[in-house]
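Asker: Assemble the whole structure, with the sequences as input and the hints as a guide.
Chains as they are written, first to last, in our numbering: chain A, 1 to 453; chain B, 1 to 453.
Hints are not guaranteed to be accurate.
Copies of the same chain look alike in the list, so a pair counts if it fits in one copy or across any two.
[What the hints assert, rightly or not] Derived DSS-like pairs: lysine-lysine, alpha-carbon spacing no greater than 30 angstroms straight-line:
| id | residue 1 | residue 2 |
| --- | --- | --- |
| 1 | 76 | 340 |
| 2 | 314 | 146 |
| 3 | 251 | 146 |
| 4 | 340 | 63 |
| 5 | 302 | 448 |
| 6 | 95 | 293 |
| 7 | 293 | 348 |
| 8 | 293 | 81 |
| 9 | 185 | 354 |
It is worth saying that the hints were derived from the structure and are not from the lab. As the structure is a prediction and not an experimental result, all values here were calculated from the model.
Spelled out, the chains give:
Protein chains: 2
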Amino acid sequence: MKKIVCLATLLLSICFTYAQELASPNGNFKMNFSLDASGSPVYSLAYKGKTVIKPSKLGIELKNDKHSFLHGFSIKNSESKTFDETWQPVWGEWKNIRNHYNEWAVTLHQNSGDRDLIIRFRLFNDGLGFRYEFSAQKNLIHFVIKEERTQFAMTGDHTAYWISGDYDTQEYDYTTSKLSEIRGKFKEARSSNASQTSFSETAVQTSLMMKTAEGIYINLHEAALIDYSCMHLNLDDKNLVFESWLTPDTKGDKGTLQASCSSPWRTIIVSDDARDILASNMTINLNEPSKIKDVSWIKPVKYVGVWWEMITGKSTWAYTDGVPFGTEGTAAPKEVPSIKLGVTDFTKLKPNGKHGANTAHVKELIDFAALHGFDGVLVEGWNEGWEDWFGYHKDYVFDFVTPYPDFDLVGIREYAKSKGVKMIMHHETSGSVRNYERHLDTAFKFMKANNYD
Amino acid sequence: MKKIVCLATLLLSICFTYAQELASPNGNFKMNFSLDASGSPVYSLAYKGKTVIKPSKLGIELKNDKHSFLHGFSIKNSESKTFDETWQPVWGEWKNIRNHYNEWAVTLHQNSGDRDLIIRFRLFNDGLGFRYEFSAQKNLIHFVIKEERTQFAMTGDHTAYWISGDYDTQEYDYTTSKLSEIRGKFKEARSSNASQTSFSETAVQTSLMMKTAEGIYINLHEAALIDYSCMHLNLDDKNLVFESWLTPDTKGDKGTLQASCSSPWRTIIVSDDARDILASNMTINLNEPSKIKDVSWIKPVKYVGVWWEMITGKSTWAYTDGVPFGTEGTAAPKEVPSIKLGVTDFTKLKPNGKHGANTAHVKELIDFAALHGFDGVLVEGWNEGWEDWFGYHKDYVFDFVTPYPDFDLVGIREYAKSKGVKMIMHHETSGSVRNYERHLDTAFKFMKANNYD
Chain A
1 MKKIVCLATL LLSICFTYAQ ELASPNGNFK MNFSLDASGS PVYSLAYKGK TVIKPSKLGI
61 ELKNDKHSFL HGFSIKNSES KTFDETWQPV WGEWKNIRNH YNEWAVTLHQ NSGDRDLIIR
121 FRLFNDGLGF RYEFSAQKNL IHFVIKEERT QFAMTGDHTA YWISGDYDTQ EYDYTTSKLS
181 EIRGKFKEAR SSNASQTSFS ETAVQTSLMM KTAEGIYINL HEAALIDYSC MHLNLDDKNL
241 VFESWLTPDT KGDKGTLQAS CSSPWRTIIV SDDARDILAS NMTINLNEPS KIKDVSWIKP
301 VKYVGVWWEM ITGKSTWAYT DGVPFGTEGT AAPKEVPSIK LGVTDFTKLK PNGKHGANTA
361 HVKELIDFAA LHGFDGVLVE GWNEGWEDWF GYHKDYVFDF VTPYPDFDLV GIREYAKSKG
421 VKMIMHHETS GSVRNYERHL DTAFKFMKAN NYD
Chain B
1 MKKIVCLATL LLSICFTYAQ ELASPNGNFK MNFSLDASGS PVYSLAYKGK TVIKPSKLGI
61 ELKNDKHSFL HGFSIKNSES KTFDETWQPV WGEWKNIRNH YNEWAVTLHQ NSGDRDLIIR
121 FRLFNDGLGF RYEFSAQKNL IHFVIKEERT QFAMTGDHTA YWISGDYDTQ EYDYTTSKLS
181 EIRGKFKEAR SSNASQTSFS ETAVQTSLMM KTAEGIYINL HEAALIDYSC MHLNLDDKNL
241 VFESWLTPDT KGDKGTLQAS CSSPWRTIIV SDDARDILAS NMTINLNEPS KIKDVSWIKP
301 VKYVGVWWEM ITGKSTWAYT DGVPFGTEGT AAPKEVPSIK LGVTDFTKLK PNGKHGANTA
361 HVKELIDFAA LHGFDGVLVE GWNEGWEDWF GYHKDYVFDF VTPYPDFDLV GIREYAKSKG
421 VKMIMHHETS GSVRNYERHL DTAFKFMKAN NYD
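Answerer: This is the structure:
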């Protein structure tokens, strides 16, 4: 691409053996896109003259697809433009954010399936973002993703700062190792967790940070994750090639989509200074602009709260250990409590004496917040139901409006008000999203009525 | 049971080889309950001295259960009572309904798993109902059903009036055949349907009606189906034994339960006069009493409407066939519509000319209803989204408030009001229950505001 036209589009010539190059505005990055002999899309990326992503395949595999959507493409259209805009976030580290990139949208056509696939690249001064776009077309309206086949071919056995791939949790410590050592460290990298589902010994989660032998930092991640499945990266540790691995639904499908739609952006942020990765605005530049018109209610706050002490085991979310009153010390309790919202009378159950969200303790934190200038106090475990928090696939697990007997909602509300501290209500879905959505309206009205606004 | 005590309970003696008999209030029915050599519960039923259900096993198989919940039971407790009450339904064929039965609740204890299972029988003058009850106990609070193993052993190769077992639809014609012929008629009994999932060639749906060679009618069904999976009946056609087959969730589980809870009632209605089966109130007597205190808004009505003409193919639910304006007759449409609520502008799409829920046609039906004394007019297909009604697992398939361009909601509302006819709004979930629950509040307010009350 010899000429970049600012905010204008340029139709490129279509040739048989297709291979084109795009540069970042500052010239530090160069990417190459081509179709290989089987008509599969391939890209590569170089930073300051050094390859950081070797030629890597792109593609999406569809479920029950008569014609594989991975091969047999030709170039139908190719457009490029330069974009340069400065915008202001509602809040964040920066008042002004510059969104500056060279864009390249390649429309691929597959003859056998008579379908188009658009791959859109945006090359910034701090890295590359690209995504798949599916226009509404006769042979591609409703479709199901079997797997996304986006590859990131590494140039060497980099040092990686990784957490193990898991469908349920990201709550692992980071492990630092060579890429080739990930498989061997699979077990030790996975501490015990209430909900965890592994799927590959070489899978890691995004964002994935790496460092090459030459001191170049490479970060793989995604942006604008909307109506699409979360991406893991699965390493082929013989060839040091990562491939996307989407999180499935209960049936094992990786996404039920309707065109027109697009994948999230896949991002590669690169620098020889690690601080640049953290300071990069590429991710938020690739996220969709805010659709919220009235942002006056968005107020960044600093808060203290009741939750970490539960993580460390000092106190509990639940009010009881499930033991009814009057059975302590007996061989077997006369009545075994089965916690059901609206049925179980918690005032009849024996408190475990370790419930974090109790009135006295919350008032202590309100005092602390007022004294040290914190804006708010967040409380987890204030509402009935935590005895069955997880593990049972329980549908009606919380109602989001009924406090435990030792959480004096009104007293705490008035005390916080008198101290000029905002109370922050915690809602735990426990993965029972349907139940949460059922109660959202009532729960939000309850928050509003009780000064949790 | 020699003595039936009205509304009182009688503790029966517990003996090693347990077998007891219960009679219906009028003595027409006699049932027997026992534990077999392996400690599995077994029941049988006789009508006017003739066996209608041969000894049949009872039980529930749990998922990941260390001790099978099907065997190893002993009798822990047994209570019986007579119940006789007359109640009035909100509406129905009868002003007064008599609920009269002899009840027998057997508490079984399983030593190996240290758990209880209660089986409650209610023997009416028109048949038998029984269910499983799970009290909250240390070793049985949260549990998952692998399969219910309730058997109904037939006495002969009865004539059956059946529809094929299916997880998705009950919309089949009834087939009349001998029990032994069900397997052979599997294919012809299953007409094509948009959503259908079979699971066994000898599975049938409830209610199942049968007629014995001696002219006795037997009906198998269920009552009080609450927080439990719908029951099919799978026939062992060598031994002519039906066994319960519950409808699974996506994971294949047959129910995720929390004690205390119970199964629906399994019902066996029997008579030598087929009319008695239809006239039986056993099912509604076994259903839970209404929890609705203010029933003033429940008004039985007769209505006509726009829906059967779509079933027969004369008209369509959808406003379009998915063709945009101005592309008719061209080789390929320039734009392929992908229907998205809030995005698709239906006024820009070409109507298919067969949309049933159009203003003129609905007004015709309002006239017809007014002329012939019908109370209301129900309209299906009035709202946007029917182009993607089924087949795509679409989440946001309807919003329940946006009419198609040719359905003049206000005009129809006012016209119906002027004719003294009530409009009835149709809501189609399309199986997207989550979407429906999200929109319920808004949809009901919309109905109320538009006189659909």
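Asker: Does each hint fit the structure? Answer for all of them.
Answerer: Do the hints match the structure? See the list:
In this assembly of identical chains, residue 76 and residue 340 lie within 30 angstroms of each other by CA distance solely across copies; the values are 27 angstroms between and 60 angstroms within a copy. Taking CA atoms no more than 30 angstroms apart as the test, residue 314 paired with residue 146 passes in neither setting, with 44 angstroms inside one copy and 38 angstroms between copies. For a Cα distance limit of 30 angstroms, the shortest separation of residue 251 from residue 146 qualifies both inside one copy, at 11 angstroms, and across copies, at 18 angstroms. When the C-alpha separation of residue 340 and residue 63 is checked against a cutoff of 30 angstroms, the pair qualifies only between copies, where the shortest distance is 22 angstroms, while the shortest distance within a copy is 41 angstroms.
In this assembly of identical chains, the alpha carbons of residue 302 and residue 448 lie at most 30 angstroms apart only when taken from the same copy (20 angstroms versus 44 angstroms across copies). Proximity of residue 95 to residue 293 under the C-alpha cut-off of 30 angstroms is restricted to the intra-copy arrangement: shortest distance 18 angstroms within a copy versus 58 angstroms between copies. With identical chains, the CA atoms of residue 293 and residue 348 are at most 30 angstroms apart between copies only, with a shortest distance of 28 angstroms across copies and 48 angstroms within one. In this assembly of identical chains, residue 293 and residue 81 lie within 30 angstroms of each other by CA distance solely inside one copy; the values are 28 angstroms within and 66 angstroms between copies.
Taking identical chains as interchangeable, the C-alpha atoms of residue 185 and residue 354 are never at most 30 angstroms apart, the minima being 36 angstroms within one chain and 64 angstroms between chains.
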